[in-house]
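Participant: What follows is each chain in one-letter form.
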Amino acid sequence: MLEFFRRNSVVLTSGSLLLLSLLLLSATAGDRRRSDPVAAVVLEGMRPLQAALSGGLDALGGLWRSYVALVGVRAENDRLRQRLLELEQQATRVAEVEETDRRLGELLRFRSTLSGEAIAAEIIGRDPLPWFGTVTIDKGEADGVRKNMAALSPFGVVGQTMMTSAHAARVLLITDHNSGIDAMVQRTRARGIIEGALDGGCVMKYLKREDDVEVGDRIVTSGLDGIFPKGIMIGEVTHVSRGNRGLLQLAEVKPSVPLDRIEEVLIVRGTAELREAVP
Amino acid sequence: MKLRSSLVFGAIAAAALLLQTTVLPVAPLGRATPDLLLIICVYLGLHQHTVGGAFGAFSLGYLQDAFSGSAAGLNAFGMSLVFTIVYLTSRRLWVDNTISKVAVVFLASLVKTCAILALVAIFLSADGLWRTVLRYLLVEAVLAAVLSPGVFALLARTQQLQEAEQE
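Taken in order, these protein sequences are the chains called A and B. Using the numbering used here, the first residue of the first sequence is number 299, and each one after it goes up by one. Using the numbering used here, the first residue of the second sequence is number 12, and each one after it goes up by one.
Derived by calculation from the structure, the hints in this document are not laboratory data. One or more hints might be untrue.
Unchecked claim - Taking lysine to any residue and the SDA-like style, the derived pairs with C-alpha atoms no more than 25 Å apart in a straight line are:
no., chain 1, residue 1, chain 2, residue 2
1, A, Lys503, B, Val113
2, A, Lys552, B, Tyr147
3, A, Lys552, B, Val122
4, A, Lys506, A, Arg516
To be verified - Rough simulated footprint, nothing fancy, chain B against chain A, three-plus residues with beta-carbon under 8 Å:
no., region
5, 422–434
6, 444–457
Yeah, the Cβ is synthetic: ideal placement off N, Cα and C, and Gly gets one too.
All chains should be built: construct the whole structure from the sequences, respecting the hints.
Facilitator: So this is what it looks like as structure tokens:
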């Protein structure tokens, strides 16, 4: 008996770990926004490295762009090339600073349209798997970020915080299939739930068949879920399918936020209010 | 796996995860991201025929779960399954040249993705997820296979250095 266990120890261990994985999965499948202390420790431990690598990547990108821009002038003499390189690097730096300044200015202007506390955070990591939509931000509980807070940008809704550690947090993007936001059509006030569709878009479900929804309609948050302030832009309707029967209709929605390019977000509580319309 | 060896593999896994969450998602590969942790898992299945290897594979998956929007256990299951299949295969088949290892990584990527897809369908009921996954299934498997010789060489070199140090 002992010999059998010894001879098959690897297979038995693997089998046990497979079972453990299934148990873990069945325990957490109902609520992916669970509190996982181990994951929080891992997230916290990797945060400085992620932030450093993201920063280094930006710097490297700047250098690379400068280098590429100069490949064609190799025939020039060394002095001119050196001078040009310096100027190009300077121009890249200035352009980068201007771009950052513009983005932060937009964020600040957007911040002034919201009442209540808002925390500006930088995105330092993205989901390692392409079929889930989450990002890691560089602010956590020490900065006031808690689970189930809204992540917004000047363009509209980005997602909601699903997990926090002391100095980092993970945000569930609106395009993730597990995301659900109470929303309404701005023009007709028809209500539904916005869910992620994974292909970079969203769908608005549970719209009554008789509700007036058209392509081009703007979808905004209803504020009824207690996570998102009311009236924040989510996206625009690109297609409406009513089908032949049933009581409901479905609208495909293109998010107003370019989620793959966004670099900063504002984290706010659901109790915050919009003082003026967001463009 | 011995403690020191585990720490080295842990450090390599952490570095791979860092690359996978920062550099690779912004690389011009569309939405596909090569799964570096999977390559490490296959390496464990091929070369670490120990209980430690099995725990290592599970830990790789759990690490991926911790950084992903997935439910805990999803990738842990996928990695443990890949380790088990690769381990059992390598005991019966000769998998020692580069081409066969690349083929194993390619197949392992398909197995892991299909296993995850099945679990998502059972536990998470995500409508339409399979469409997105299928779109990237082959691209991701090819990317992992292409990167595998480099990762294998790095891991083998690290192991050789450790063994030489111990001697």
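Participant: Would the pair Lys503/A and Val113/B pass a check requiring their Cα atoms to be no farther apart than 25 Å?
Facilitator: Violated: Lys503/A and Val113/B sit about 43 Å apart, past 25 Å.
Participant: Would you mind confirming whether the straight-line C-alpha gap from Lys506/A to Arg516/A stays at or under 25 Å?
Facilitator: The given pair, whose Cα atoms are some 17 Å apart, holds under the 25 Å limit.
Participant: Go check the region 444–457 of chain A versus chain B for me, would you? Three or more residues, Cβ under 8 Å, otherwise it fails.
Facilitator: The restraint on the region 444–457 of chain A is violated, since only 0 of its residues have a Cβ under 8 Å from chain B and three are required.
Participant: Would the hint linking Lys552/A and Val122/B be met if the CA-CA limit is 25 Å?
Facilitator: Not OK: Lys552/A and Val122/B at ~33 Å, beyond 25 Å, violated.
Participant: Do at least three Cβ atoms from the region 422–434 of chain A come closer than 8 Å to Cβ atoms of chain B?
Facilitator: holds (count 12)
Participant: Given the hint that Lys552/A pairs with Tyr147/B, does the C-alpha gap stay at or below 25 Å?
Facilitator: holds, 21 Å
Comparing the model with each numbered hint stated earlier shows that hints 1, 3, 6 do not hold.
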